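**Student:** For the record, the sequence lines run as chains A and B.
The first sequence: position 86 = 86 (this note's numbering), numbered continuously.
In this note's numbering, each residue carries its 1-based index in the second sequence increased by 1000.
Derived from the structure by calculation, the hints contain no laboratory data.
All values derive from a computational prediction rather than experimental measurement.
Do not take every clue at face value.
[Stated by the list, open to error] To spell it out: a stretch of chain B is covered by chain A in this simulated footprint if at least three of its residues, at any positions, have a beta carbon under 8 Å from a beta carbon of chain A; those stretches are: (1) 1007-1013; (2) 1053-1064; (3) 1239-1253.
We treat Cβ as the ideally placed atom computed from N, Cα and C, and that holds for glycine.
These are the residues of each chain, in order.
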Amino acid sequence: MKAIITVLSTDREGIIAQVSGMLYEHGVNILDISQTVLGTYFTMVMLVDLSKMKVSFKEMTGLLEKRGEELGMEIRMQRSEIFDAMHRV
Amino acid sequence: MLNTSEILTTIEMIREQKLDIRTITMGLSLLECIGGNTPEKVYDLVTRRAEKLVSTGEDIENEFGIPIVNKRISVTPVALLLAGGQDPVEIALALDRAADATGVNFIGGYSALVQKGATEADLRLIRSIPEALARTNKVCSSVNVASTKAGINMDAVKLMGEVMVEAARLTEDQDGMGCAKLVAFANAVEDNPFMAGAFHGVSEGDAAINVGVSGPGVVKRALEKVKGEPFDVVAEVVKKTAFRITRMGQLVAMEASKRLNTPFGIVDLSLAPTPAVGDSVAHILEEMGLERCGQHGTTAALMLLNDAVKKGGVMASSSVGGLSGAFIPLSEDIGMINAAAAGTLTLDKLEAMTCVCSVGLDMIAVPGDTPASTLSAILADEAAIGVVNQKTTAVRLIPAKGKKVGDWVEFGGLLGRAPIIPVHPESAEEFISRGGRIPAPINSLKN
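Use the sequences and the hints to build the structure in full.
**Tutor:** Right, dumping it as structure tokens:
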């Protein structure tokens, strides 16, 4: 299963390090990564593979959310199908 | 490969424009519960089949990152279960307990279909509606009083005016909340996932997953980018937006159907507002260039919106049904609330608007001393619009006891709040007391 992780933050420092370390720890493999600026937000978008993930989807989203709160960022993980459905005929 | 701008567009729709799945509604046939111990059988069937509905909805919400606001159940019209003198209120109480046990927000189907005539069981159910709604929290009721094929059952229309008054009286301490859970239809559909009018029609199978999408905020934001452009551009933007919203609904519906091992029914392509700022259908109309919803031009703007939503949504789903269109529930739409409070949006204009959109005079609070016959006459007018135009129309009016024009009713949550708006004071007593049936209209020689 593939998912998209998006990180929204007002500060760009340490985003990749903070998030990628945590993903590695839980067996989430990063396939692609991209960074951009959205309005006042610095954003990072990652495509990840969950086939070797050591925790459930729900636990992982919970962990990411919690870490996001600690760091003052918004971190989401969503299954990639939702983006394909919305933007591809 | 990542397309960052598409991904961020989706995130923005969910995060800022309040895009959500309004409801996953599981339709359940209760026909096997007929005869003996019906309330117990109803409770058992509903709690067994819908046991995982809420948790599955929450899992999908978590994995796809899209809010699913309501999880609901619709059941076979309860009037059909009343063989052998079964007390309908007992079934309402069983449904309410089942709703609590499964954790759903609402359960719909305390209903009767009497467009042509009413059986003894239909009448018992209709007369019991005020008590059933006052004694339950989550049960919703609907009565179909007219159809294009049968005409308008004016005896039922008369009775429904009285039922509305009584439902408001029995729930007067909650601003007439009973009436917020009661809708009278013309041309009711059998696969509607939205409350208060959802029921699981007799032509449906044992169970179905029906999904209602939403997203007025997304449409408004998309239109902000084409300010001043001609209407064909507006229509295109609405179509494209509706396509995206509906695709998401289709995805969620298929996923829910698979996980719950229940056949997929339909996606209802609706723009359903909530009282939250940024989630208003009225504000879409105002974005098109109207100063305030309800002024001249409103009906045309709404016609465009409703039509473009359907055109965009139809291709995005393998099966479209339900009510499918833009909703205009007054108390649930901040733009409508403001326009009604300012006096721009009147009952007469709302009636005109229902000719071109889904569904009808919805969540409108009227003075508490409005006679039953006037409520019936409003329902008759609305049914006439539906019957002649071969569309669903509905009436959900709240004659809030003790309230006058200018007062407010407060329901809270998704049901919102509304100012009491005036009705015409002239008596409809003589008109409504005729009873009988208004014949079905001719379907050719259309002018």
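**Student:** If a hint holds in the structure, say so; if it does not, say that too.
**Tutor:** Consistency of the hints with the structure:
no.	hint	result
1	1007-1013	holds (count 6)
2	1053-1064	holds (count 4)
3	1239-1253	holds (count 5)
Hint compliance for this structure: every hint is met.
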